[in-house]
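Asker: The listed protein sequences derive, respectively, from chains F and E.
My numbering numbers the first residue of the first sequence as 33 and each following residue consecutively.
My numbering numbers the first residue of the second sequence as 6 and each following residue consecutively.
Treat the hints with care, as some may be off.
Cross-link-like lysine-lysine pairs, in silico, DSSO-like; alpha carbons within 30 Å at most [what the hints assert, rightly or not]:
{"#": "1", "chain 1": "E", "residue 1": "K253", "chain 2": "F", "residue 2": "K75"}
{"#": "2", "chain 1": "E", "residue 1": "K316", "chain 2": "E", "residue 2": "K218"}
{"#": "3", "chain 1": "E", "residue 1": "K211", "chain 2": "E", "residue 2": "K253"}
{"#": "4", "chain 1": "E", "residue 1": "K389", "chain 2": "E", "residue 2": "K316"}
{"#": "5", "chain 1": "E", "residue 1": "K172", "chain 2": "E", "residue 2": "K190"}
{"#": "6", "chain 1": "F", "residue 1": "K75", "chain 2": "E", "residue 2": "K113"}
Anything over 10 Å on all C-beta distances counts as not near chain E; from chain F, calculated [as the list claims (entries may be wrong)]:
{"#": "7", "residue": "L97"}
{"#": "8", "residue": "G98"}
{"#": "9", "residue": "P104"}
{"#": "10", "residue": "E133"}
{"#": "11", "residue": "R136"}
{"#": "12", "residue": "L147"}
{"#": "13", "residue": "L170"}
{"#": "14", "residue": "T174"}
{"#": "15", "residue": "G179"}
{"#": "16", "residue": "G220"}
{"#": "17", "residue": "D224"}
{"#": "18", "residue": "R241"}
{"#": "19", "residue": "V279"}
{"#": "20", "residue": "R291"}
{"#": "21", "residue": "A293"}
{"#": "22", "residue": "F297"}
Everything labelled a hint here was simulated from the structure, so no lab data went into it.
Where is the CB? At the ideal position from N, CA and C, for every residue including glycine.
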Amino acid sequence: MTFIRILSGRTRFAYALLLPALALLGLVVAYPLYSGVLLSFEKADFFGSSLAQRGWTLDNFVRVLGSADFLPSLIRSFAYVLIVTAGALTIGLLTALLLNESFRGRPLARMLIALPWAIPLVVATNIWWWLLDPSYGLVNSTLTSLGVSQQPTQWLNDQIPAFIAVCIVTIWKAYPFFTIMLLAGLQGIPKDLYDAASVDGAGTYRRLRHITLPALRAVVPIAVLLNALWVFREFTVIWVLTGGGPVNATETLAIATYRAAFQDFHFTLAAALGVVTLAISLVGSVVAVRFATRDFY
Amino acid sequence: MASHRHLRPWQHMVTAAAALAVASCSGAAGTPSAVAPSTGTTPGPTPATTTAASTPTGASVTLQFPSWQQDEPGVSDWYKSMIAAFESANPGVTISFTKVALADHVDKLTTEFAGGAPPQLVELPTSNVGQFVSHGWLHPLDDYLKATDILQKWPTALQQSCVVDGKVYCLILNTYGDAWVYNSKVLAATKLSAPTTPDQYLAAVKAMTDPSKQQFGTCFPTLPGFNMTDMISVFVIGAGGQWTTDGKPTANTPEVVQGLTWWNDVIKANATPLGNESGACRQLYQQGKVGSYFDGPWGQGFMAAAAADVKPNLKAVPVPFPYNTGGAGFVIGVAEGVPADQQNLAWQFIQSLTTPDAQGQYAYNYGSAPLRQDAVLPGDMKTKFPYLDIWITASKTPVSWTPIGLESKQNEFIKAVSDAGQKMISQNVSPKDAADQLQQQLLTLAGS
Numbered sequence: 033m034t035f036i037r038i039l040s041g042r043t044r045f046a047y048a049l050l051l052p053a054l055a056l057l058g059l060v061v062a063y064p065l066y067s068g069v070l071l072s073f074e075k076a077d078f079f080g081s082s083l084a085q086r087g088w089t090l091d092n093f094v095r096v097l098g099s100a101d102f103l104p105s106l107i108r109s110f111a112y113v114l115i116v117t118a119g120a121l122t123i124g125l126l127t128a129l130l131l132n133e134s135f136r137g138r139p140l141a142r143m144l145i146a147l148p149w150a151i152p153l154v155v156a157t158n159i160w161w162w163l164l165d166p167s168y169g170l171v172n173s174t175l176t177s178l179g180v181s182q183q184p185t186q187w188l189n190d191q192i193p194a195f196i197a198v199c200i201v202t203i204w205k206a207y208p209f210f211t212i213m214l215l216a217g218l219q220g221i222p223k224d225l226y227d228a229a230s231v232d233g234a235g236t237y238r239r240l241r242h243i244t245l246p247a248l249r250a251v252v253p254i255a256v257l258l259n260a261l262w263v264f265r266e267f268t269v270i271w272v273l274t275g276g277g278p279v280n281a282t283e284t285l286a287i288a289t290y291r292a293a294f295q296d297f298h299f300t301l302a303a304a305l306g307v308v309t310l311a312i313s314l315v316g317s318v319v320a321v322r323f324a325t326r327d328f329y
Numbered sequence: 006m007a008s009h010r011h012l013r014p015w016q017h018m019v020t021a022a023a024a025l026a027v028a029s030c031s032g033a034a035g036t037p038s039a040v041a042p043s044t045g046t047t048p049g050p051t052p053a054t055t056t057a058a059s060t061p062t063g064a065s066v067t068l069q070f071p072s073w074q075q076d077e078p079g080v081s082d083w084y085k086s087m088i089a090a091f092e093s094a095n096p097g098v099t100i101s102f103t104k105v106a107l108a109d110h111v112d113k114l115t116t117e118f119a120g121g122a123p124p125q126l127v128e129l130p131t132s133n134v135g136q137f138v139s140h141g142w143l144h145p146l147d148d149y150l151k152a153t154d155i156l157q158k159w160p161t162a163l164q165q166s167c168v169v170d171g172k173v174y175c176l177i178l179n180t181y182g183d184a185w186v187y188n189s190k191v192l193a194a195t196k197l198s199a200p201t202t203p204d205q206y207l208a209a210v211k212a213m214t215d216p217s218k219q220q221f222g223t224c225f226p227t228l229p230g231f232n233m234t235d236m237i238s239v240f241v242i243g244a245g246g247q248w249t250t251d252g253k254p255t256a257n258t259p260e261v262v263q264g265l266t267w268w269n270d271v272i273k274a275n276a277t278p279l280g281n282e283s284g285a286c287r288q289l290y291q292q293g294k295v296g297s298y299f300d301g302p303w304g305q306g307f308m309a310a311a312a313a314d315v316k317p318n319l320k321a322v323p324v325p326f327p328y329n330t331g332g333a334g335f336v337i338g339v340a341e342g343v344p345a346d347q348q349n350l351a352w353q354f355i356q357s358l359t360t361p362d363a364q365g366q367y368a369y370n371y372g373s374a375p376l377r378q379d380a381v382l383p384g385d386m387k388t389k390f391p392y393l394d395i396w397i398t399a400s401k402t403p404v405s406w407t408p409i410g411l412e413s414k415q416n417e418f419i420k421a422v423s424d425a426g427q428k429m430i431s432q433n434v435s436p437k438d439a440a441d442q443l444q445q446q447l448l449t450l451a452g453s
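Construct the entire structure; sequences and hints are all you get.
Answerer: Spelled out as structure tokens, the structure:
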């Protein structure tokens, strides 16, 4: 009975409209995912464009998880996600608060703040590569002329500066997403709340702490979740800037997966690494969704 | 006061999966990205081969030919003229000659082969031949070659780079030896003459360095990858070392350590800018900001394309080490897994590159010795390439850095050598320790 009701009238039409999108999603997400998971359990070698299957095994996971490089890559990935998400969230919040105010030139400010999002990632990263060039780059030139540093910093050749550099570039690229999400959240806060708080004598800080930030709790978890997932599998920024070096200092799980598949030709190991990454993402997502589904009003 | 909309565990899972799907459909950091690979997808079973319709006789066919030399001064003109001649002689056939940076070339080819969509014409650094053959990605050329005199006219010893288990999988397309290109004006200011020994070389590059003017004595590619390994190998081979001997790793012999020490001395003297690829290094010496660079015969094209005030000062001399790197630099072959008619067309194009006239034009454009013994050389070669003899001499006694025994693990070898170099740069690891660690890595690689 229920089934018949679902398949009748407007509902059926709505499902019919969804069907192409679902089919496309199945083709470009579900099938590759299925193939990847299958490949991770295959005892297989890769010849030409076909796979020589030799049965099933857990060896790929044993090798991946037992590898000396896995844990450092995992820790690096978490550190990268944490630093980038925190940095982008902070800058995104500040810029959203700024854009939520009325001032002259706000349309221009909106455009400038959203600019990093609009520039193609490879182009932006290459520009940063030049900016960070230790000998001829603007960053070192500025730091040296301001007296902040005496020696040029080897941004992409020393391990810690290289990690900082990829974090900075990723934050720069990611913060407009938070700006837009948080600005939407800010504009949904009833003005009455601020008026009432002002009548009660609340200053800027107290209004921020007791009205603005709690109101944004509905937006922040989902924005953080999506951003964290993007950053967790970020590839372009790291690959273009450092290639995962120096000496693996910026090698995250995404880079390790690419290297295993397309440089070392260990496709089954890469698939296992991909499945592990997926599992971590799924667990993180479940935890984050629990936060995201809370109401605060 | 916070309240919960109570979701059941399965609802959490579904919501999380939806979030993952959204994240995976969108680009990194919120932008669409075509670069990041998916994690572990199965290669497609059906080779997609051409951009144009690859139908039987009469229909148009496009052969893909990605190359790092597509915009390289000199040699690209030769390729383009050969392509134009081939297309004119074969109506309906187009060769799509596209640029891929050398640093990305092998990775991109790998991705294309893995995805079942390889280019029909495969240009490769010679050091990657073993790897590609072991994966079954190159089509044997023996049947084609039987009907030609190419192998009789081609350099026999170097052509062995293309032979695996008695089958020929490619044709070498150049022979090279390195030379030292330098800015004579910058060197003259140091009152030193062009070096002929390693000590003189180290003194010269250090003397040519002036940090206050952002002037460096030389430029080493130091981004991990082929070019970095190639430059380190110039020093290792130069000192008489070999990465492998009789198929076994020998990365910590005194000769290798000596080579690494020379390389590291230049780094520690800040005589090279760091973080560059070979393209950026050449650009810097073309602009006069870098005093010298080790380069193959293709370096003459870059010398000719230097800034007007720099070009007259660029000169070349033999490498100031006991031995110089070189060999068969790159090869061309036909992809396995594409339709036979396209393989035939790809071979016909390769064959067109091997005629005496084509080889003469190759030498004339490239500034290099031709591969074919009976090539017809234009008369004004020496006028066009005043340093041609330096490179021709260098190409007669080169030592290849290809790690025999590890050919099928070329990329892992390249990463290991790059890492050794980066450890010396960023962790101040001594050349001896770096060599010992590298030796262990290579032994593991050889045994895996």
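Asker: Any of the earlier hints contradicted here, and which numbers?
Answerer: Numbers 3, 5, 19, 20, 21 and 22 - these are the hints that the structure violates, sorted from lowest upward.
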